[in-house]
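Going down the list, the sequences are from chains A and B. What the first sequence shows, in my numbering, is residues 1 to 285, in sequence order. What the second sequence shows, in my numbering, is residues 1 to 377, in sequence order.
These are computed hints drawn from the structure, not numbers from a lab. Careful: at least some of the hints might be erroneous.
[Claimed, not checked] List of simulated lysine to any residue pairs, SDA-like, C-alpha gap at most 25 Å: (1) B/Lys250 with A/Met243; (2) B/Lys325 with B/Asn256; (3) B/Lys102 with A/Gly98; (4) B/Lys325 with A/Ala91; (5) A/Lys283 with B/Leu257; (6) A/Lys283 with B/Asp289; (7) B/Lys102 with A/Ser89; (8) B/Lys102 with A/Arg281; (9) B/Lys250 with A/Arg281; (10) A/Lys283 with B/Arg65; (11) A/Lys283 with B/Arg103.
[Said to hold, decoys possible] Among the chain B residues that face chain A by a calculated CB cut under 7 Å, a handful are: (12) Glu9; (13) Thr49; (14) Tyr66; (15) Arg67; (16) Pro93; (17) Phe144; (18) Val287; (19) Thr309; (20) Met310; (21) His316; (22) Thr345.
[To be verified] So the derived list for chain B, only partly shown, Cβ under 8 Å to chain A, looks like this: (23) Trp57; (24) Met94; (25) Asn239; (26) Arg321; (27) His334.
All values derive from a computational prediction rather than experimental measurement. We put the CB at the ideal spot given by N, CA and C, even for glycine.
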Amino acid sequence: MAIQNELTATLPITDPMLPRLTRVLVRRREGPETLTLELEAGAAAPAFLPGQFNMLYAFGIGEVAISMSGDPAVADRLVHTIRAVGETSTALTRLEAGDHVGVRGPFGAGWPMEAAYGCDVIVVAGGLGLAPLRPALYRILAERERYGKVVLLYGTRSPTDILYRHELERWRRRLDVQIEVTVDYANGPWHGHVGSVTTLIRRTDFDPLHGIAMVCGPETMMRVTALALKEAGLKEDAIYLSMERNMKCAIGFCGHCQFGPHFICKDGPVLRYDRLGDLLRLKEI
Amino acid sequence: MFEIVQLGEQAVITLEGLAALLFGLKRRDFRLIGPTLRDQAIVYDDIDTIADLPRGWSDEQDGGRYRLVQRGDDRLFGYAVGPQSWKHYLHPPMLSLWRAEKRERGFEIIAPDETLPRFAFLGVRACELKAIAIQDRVFLGDSFTDPHYRRRREGAFIIALNCSHAGGTCFCASMNTGPKVEAGFDLSLTELIESDVHSFLVEIGSVEGVELLAEVSSREASSEDRAQAEAVVANTAANMGRKMEADGLKELLARNLDHKRWDEVAQRCLTCANCTMVCPTCFCTSVEDASDLAGEKAERRRRWDSCFTMDFSYLHGGSVRNSPKSRYRQWMTHKLSTWFDQFGTSGCVGCGRCISWCPVGIDITEEVHAIRESEVK
Chain A
1 MAIQNELTAT LPITDPMLPR LTRVLVRRRE GPETLTLELE AGAAAPAFLP GQFNMLYAFG
61 IGEVAISMSG DPAVADRLVH TIRAVGETST ALTRLEAGDH VGVRGPFGAG WPMEAAYGCD
121 VIVVAGGLGL APLRPALYRI LAERERYGKV VLLYGTRSPT DILYRHELER WRRRLDVQIE
181 VTVDYANGPW HGHVGSVTTL IRRTDFDPLH GIAMVCGPET MMRVTALALK EAGLKEDAIY
241 LSMERNMKCA IGFCGHCQFG PHFICKDGPV LRYDRLGDLL RLKEI
Chain B
1 MFEIVQLGEQ AVITLEGLAA LLFGLKRRDF RLIGPTLRDQ AIVYDDIDTI ADLPRGWSDE
61 QDGGRYRLVQ RGDDRLFGYA VGPQSWKHYL HPPMLSLWRA EKRERGFEII APDETLPRFA
121 FLGVRACELK AIAIQDRVFL GDSFTDPHYR RRREGAFIIA LNCSHAGGTC FCASMNTGPK
181 VEAGFDLSLT ELIESDVHSF LVEIGSVEGV ELLAEVSSRE ASSEDRAQAE AVVANTAANM
241 GRKMEADGLK ELLARNLDHK RWDEVAQRCL TCANCTMVCP TCFCTSVEDA SDLAGEKAER
301 RRRWDSCFTM DFSYLHGGSV RNSPKSRYRQ WMTHKLSTWF DQFGTSGCVG CGRCISWCPV
361 GIDITEEVHA IRESEVK
């Protein structure tokens, strides 16, 4: 019996689970367990939005969701910053220039780049959470005149864990961006902030009525950051978080990434706080 | 023999007529799947003729209980649903997605060659048709299409069945999903046994159904035949083993995520995942990567997974849903509440499988009732 669904009747059969092959162009160490891979995008690679992610496949090991962390204006490269935490991410960090990687994507909903036009933009990153925010920063800086005040508040464990250090130093020299970096503990030479990133929010001056926050980091950090942003006057619908959950397919079929009604893979990963708030307060959702 | 010209028309065929229908499907090279008797249960499997059907059998079902019993008559479809559902064929438990082979530099990905015969399903109940429509929404949805599901689904010929026997755990009448078959079939059957006459009222649901039925000896359905068939489903509807209070379920569960009943049900739940395996709408899967010992060849497989496993929500460092309480809550709130947000429909069709096949007899209707009652107080 014919399917009672006109949507698919005319679609050709393509397989969204089939990766395309790309090669590693550049491999750059970022920190003790973290490195950045630059992959050849190839002609088949669609443009991506800041905040989206790819599924990267390491031969015979597995596939893992990794956010896009490159400049969205650069079409010929896929840039991914990866921390070796599991089998697949470890295998990916062992790849050398010239090696093959399977890629599916880009997937998911990104940062509200257009909604933020004319607004003060508060970007709050915790640890590796800076990676999915970097494409948003590239975009903002490329269209600087479209945005109000731009602030990046970045918290990380220690000075040696700071990602994209040279870039941050370069951006800090600009007079139209405020960049604050804080560490949990200061090993070696460090004369910056020490303490949690939320303490920086209280010290930051922005217009809460015309402001948008983009937040990515560990879930606990995002929860307290969102509360601090609310205290500073931002409305819940002006706070965006990039959520993380186990993902096997990235297209809403495997069910693993559900967070209440949301599929993090296709409704997210970037979700507005007013749609998450109640669930974030509950354990084990 | 009369001539059937339009959809929705009804005819009556005999046992021989049903046999001829199945023969017609086999002759067209369909892979014919229907109810069979295996491992002391009714199982959907390959069949050739009506002799393969569980003639004269029925079942007794209750929380954590499923037993076959002899009916004492010759009904071919005198039982409720068994442990299996049609998702076994449309969304197989294990599937090879693709293979990869090492090359001199890097590797190559090889897509599977999926040439499949068309399925013909015999005896698809109203609740199961609804479950298939629900999985259609999941796999043929707005943004992505699962080509594996689509290939199996598009070609399927469906002979639906109006239930003559309400199972002890059935509650389709509460969920508005049965027992009368409404749409989404090629042909539908109502089995009629009246003073030694064994026949089937057939309703035509598609052009292909018309063509198939035209090859079979049939007569036009009389008003008595229709009345008899109506009485069969009315009787089934009146004898549902369970009842679910379905009104406002989505909101009821959404506002009770921290209800103490979740702790209570977690005392009984073994997190065995049986309910998700037997559920006709549960669609979750995982992927497995395998390689040969030499590391030359790799394969990516998809298999059914369950939100009851610890692995399901694993995120670097641990599982998000550690406690049985949170895993049961995830399953039930997804089925009855967040499914509406995601797919615009309930994820439960009232087939009762999760109740019968739960080893400790946890009853989804009872769990809902407990939460609802606590609000009334």
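Tested hints:
no.	hint	in the structure
1	B/Lys250 with A/Met243	24 Å, holds
2	B/Lys325 with B/Asn256	13 Å, holds
3	B/Lys102 with A/Gly98	14 Å, holds
4	B/Lys325 with A/Ala91	35 Å, violated
5	A/Lys283 with B/Leu257	10 Å, holds
6	A/Lys283 with B/Asp289	31 Å, violated
7	B/Lys102 with A/Ser89	20 Å, holds
8	B/Lys102 with A/Arg281	47 Å, violated
9	B/Lys250 with A/Arg281	20 Å, holds
10	A/Lys283 with B/Arg65	34 Å, violated
11	A/Lys283 with B/Arg103	47 Å, violated
12	Glu9	16 Å, violated
13	Thr49	23 Å, violated
14	Tyr66	26 Å, violated
15	Arg67	32 Å, violated
16	Pro93	14 Å, violated
17	Phe144	4 Å, holds
18	Val287	5 Å, holds
19	Thr309	10 Å, violated
20	Met310	11 Å, violated
21	His316	4 Å, holds
22	Thr345	12 Å, violated
23	Trp57	27 Å, violated
24	Met94	14 Å, violated
25	Asn239	28 Å, violated
26	Arg321	5 Å, holds
27	His334	7 Å, holds
When the structure is compared with the earlier hints, violations turn up for hints 4, 6, 8, 10, 11, 12, 13, 14, 15, 16, 19, 20, 22, 23, 24, 25 and for no others.
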